[in-house]
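J.: Each chain, written out:
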Amino acid sequence: MSFETPGLINEARRQIEICNACRYCEGFCAVFPAMTRNTDFAAGDLSHLANLCHNCRGCSYSCQYTEPHEFALNVPAILAEVRQDSWERHIRPAALARAFHSRGVAIMGLMVLVIAVFFYAARSGGEGSFYAVFSHNTLVALFLPAFVLPLLSVALGLRSYWRETGGRRITPGDLKGAFASVAVMKNLAGGHGEGCNFEKENRYSQRRRFSHQAIMYGFLLCFAATGIATLMHYLLDMPAPYGLLSPPKLLGIPGGILMVLGGVDMILSKLKADPTLGAQRVWGGEMAFVALLVAVAASGLALYAATGSTLMPGLLALHLGTVLTLFLLLPFSKMVHGFFRLAALIVEQQKKRG
Amino acid sequence: MSKQKSQSPRTAAPGGGGSLWDVVVVGGGNAALCAAITAAEAGAKVIILEGAPKFYRGGNSRHTRNFRCMHQGPVSVLTGVYEEEEYYNDLLLVTKGRTDEHLARLAIRTSEECLPWMEAHGVRFQPSLSGTLSLSRTNAFFLGGGKSLVNAYYNCCEDLGVTVVYEAQVQHVTLEGGRFSDVEVSIRGGATEKIRGKSVVLASGGFQSDTDWLTRAWGPAAANFLIRGTPYNRGVVLKNMIDQGCESVGDPTQCHCVAIDGRAPKFDGGIVTRLDCVPFSVVVNKDGDRFYDEGEDTWPKRYAIWGRLVAAQPDQVGFSVIDAKSKNLFMPSVFPATEANTIEELGEKLGINGARLAATVSAFNAACRPGTFHPTERDGMATEGLTPPKTNWARPIDQPPFYGYSLRPGVTFTYLGLKVSDKARVQHASGPLENVWSAGEMIAGSILGEGYLAGFGMTIGTVFGRLAGQEAAHHVL
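Chains as they are written, first to last, in our numbering: chain V, 1 to 354; chain D, 1 to 477.
No lab work stands behind these hints, which were simulated from the structure alone. Nothing false has been slipped in among the hints.
Covered stretches of chain V, as calculated for chain D (at least 3 residues, CB under 8 Å):
| # | segment |
| --- | --- |
| 1 | 18–25 |
| 2 | 32–40 |
| 3 | 57–65 |
| 4 | 191–202 |
Glycine included, C-beta positions come from ideal geometry on N, C-alpha and C.
Whole structure, please, built from the sequences with the hints as guidance.
T.: Here's what the structure looks like:
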């Protein structure tokens with residue numbers, strides 16, 4: 001189902017207009033106060049609300065109008081559908097987005113394929129250091145475009161999304177408000193700070209909020225570790241591997257551990273949660289994406305643990321394979337949610353200002 | 001106390017054949033839950049018999065949004081001060097004095113301690129919703145609304161080991177010599193079985209969803225009434241108690257009744273079917289004639305009289321007409337307005353005589369006088385020489401497009417109820433019953449003789465529910 005088809009947009013509008021006549025959920029998150037600015041909802045307004053929604057599900061478990069009531073509201077699900085559709089419409093090539101988002105098997109398949117290629121290449125490599133297995137220049141030649149091109153695709157997609165939802169010139173205040181919200185995942189705190197209704201039905205729980213932050217901060221630490229290592233390599237002429245007390249390891253090891261723990265917990269809580277309150281067609285793709293994050297972090301940690309052993313070349317191939325898959329899928333997997341969500345939070349700051 | 005699953009599938013009497021409960025709670029809304037929690041916390045073995053299936057549990061409470069709370073200073077989400085005298089005077093205004101002062105003051109005074117109690121039992125509050133700022137001092141809004149409150153209380157019951165049975169239709173309360181001994185109940189449509197208890201709390205609401213009873217009270221007009229809340233409040237227990245000689249209070253035609261969108265479902269439409277456009281509009285009946293001052297006061301102070309006003313019109317229907325100027329002055333409606341470029345056309349689309357409506361609107365427009373329009377307070381923009389007058393917000397309806405909404409009476413709950421003491425004890429013709437208490441909408445008629453004060457139903461339910469639970473537990477322990 002696509003946003004251009006009247007079905008999705010009309011259904012979203014129908015549900016949001018009922019919400020807007022009720023407003024009981026105003027305190028849960030950013031979506032409901034944002035809704036009260038409108039009496040009519042254009043496609044861009046619905047995209048904006050959808051990307052503001054963090055799928056905490058507070059509204060759904062509090063709703064008088066969910067099925068079997070004849071109004072049949074399922075706001076977390078319809079917003080998840082609209083949100084998913086907005087990513088698939090704005091990101092090019094759209095065919096790839098549609099192929100991967102909804103198919104965990106495709107994501108996993110790509111991962112296995114890329115890993116296999118690395119294994120094949122690693123057979124001819126030497127022993128000892130990383131770069132004896134894969135030369136540094138080979139890796140850069142491979143990874144740089146695999147990183148830059150997906151980012152370019154995301155940037156173009158965001159620009160298109162920004163126009164659709166009425167984004168304007170960004171002020172420091174917009175960024176401050178948006179990052180403050182992301183830093184504590186305010187929209188999964190339920191308004192009262194006790195968490196959301198993701199996996200424990202109508203009881204509040206911090207689980208999703210905490211596991212999300214573990215993954216997010218873990219990822220950022222790993223990203224920082226990679227960035228610093230790059231600088232050390234080029235500016236200080238200090239190639240990998242690095243020791244335990246070096247900045248890349250001090251950031252990367254806790255980051256990897258956070259990603260593994262957060263990711264595993266996210267998978268477990270998602271297994272417990274009601275799939276009908278999300279975008280059901282991408283359930284598998286979302287699961288595979290979290291599994292991919294866990295695989296990236298776990299293989300990285302294992303690789304470090306295996307330094308100097310005969311397992312190293314194999315683990316290196318495994319790790320590089322997962323990382324390359326993550327990069328390649330950046331625009332076409334759940335990974336894009338971070339970019340669009342941040343954009344929505346910034347636009348919301350602007351809209352609140354008037 | 002052993003923890004019992006609230007959903008255990010069984011067909012025998014809950015908790016095993018001949019089990020004797022300390023407190024049997026009939027009903028599953030706010031008052032019932034407050035009673036059950038209070039009794040269970042005192043150590044009683046409690047069973048809740050909720051007539052609705054799990055999804056629709058909570059009676060009308062699932063549609064509520066706030067409760068009215070006395071307070072000496074800012075507390076939780078409430079601003080300012082709301083003291084007993086002001087609260088009581090607000091009640092006198094809406095009920096025109098038809099209240100039981102002793103019980104009313106008890107409810108008002110006790111409301112203050114309810115707020116922290118509710119928070120301690122999982123209810124979360126939020127600031128006054130947008131569009132309801134006028135209530136920020138007097139009414140504490142539930143985060144997520146009444147269903148969220150109901151969920152919190154059921155979770156509390158589960159944690160306390162209270163047994164909850166859904167789809168449990170209580171048909172008869174057995175009274176012998178001024179004492180309750182058991183209830184006769186059909187569970188999920190099964191054969192009638194007896195559930196025995198040492199005491200009972202009755203909190204199963206009014207009779208508004210029994211159209212026949214409503215028709216006996218109101219005449220055939222009742223067929224055109226919409227019921228805003230649960231279809232499960234059919235007054236079976238209330239009638240059973242009155243038939244057995246328990247004393248009742250209140251007039252069967254009195255109820256909390258507002259004018260709602262005429263297109264709302266027959267039952268359970270809830271909050272979204274309300275229409276807040278009346279003060280900015282001209283309201284006519286199906287003959288195209290005006291019948292009441294639309295601008296008498298701000299809407300929160302007047303919405304509760306419009307149900308009866310519309311109920312008194314032919315076919316129990318009204319039509320509220322505004323123009324483009326007023327479209328965004330009130331909270332959006334759940335169903336889109338009927339729209340037209342001329343008043344005649346609008347009338348025809350609404351199914352009334354267009355020429356007649358146009359004549360009424362022209363007469364109204366001619367009677368409007370210049371002034372400073374102020375949508376949120378009485379602005380004194382009144383008509384001159386018009387009957388009935390419109391005393392505020394009277395601006396000519398002259399800017400197309402024109403919009404119309406149909407209005408129907410929407411009943412929230414009926415006021416005919418059981419007479420109770422200030423300990424929530426049910427009164428029988430031969431004296432107070434020894435082990436029977438009642439709370440909630442089932443007894444609200446003592447305090448609400450007519451009219452309605454926003455959020456007061458939940459106050460009465462919480463105060464008397466807790467009182468009933470406490471007294472019932474005290475009686476058996």
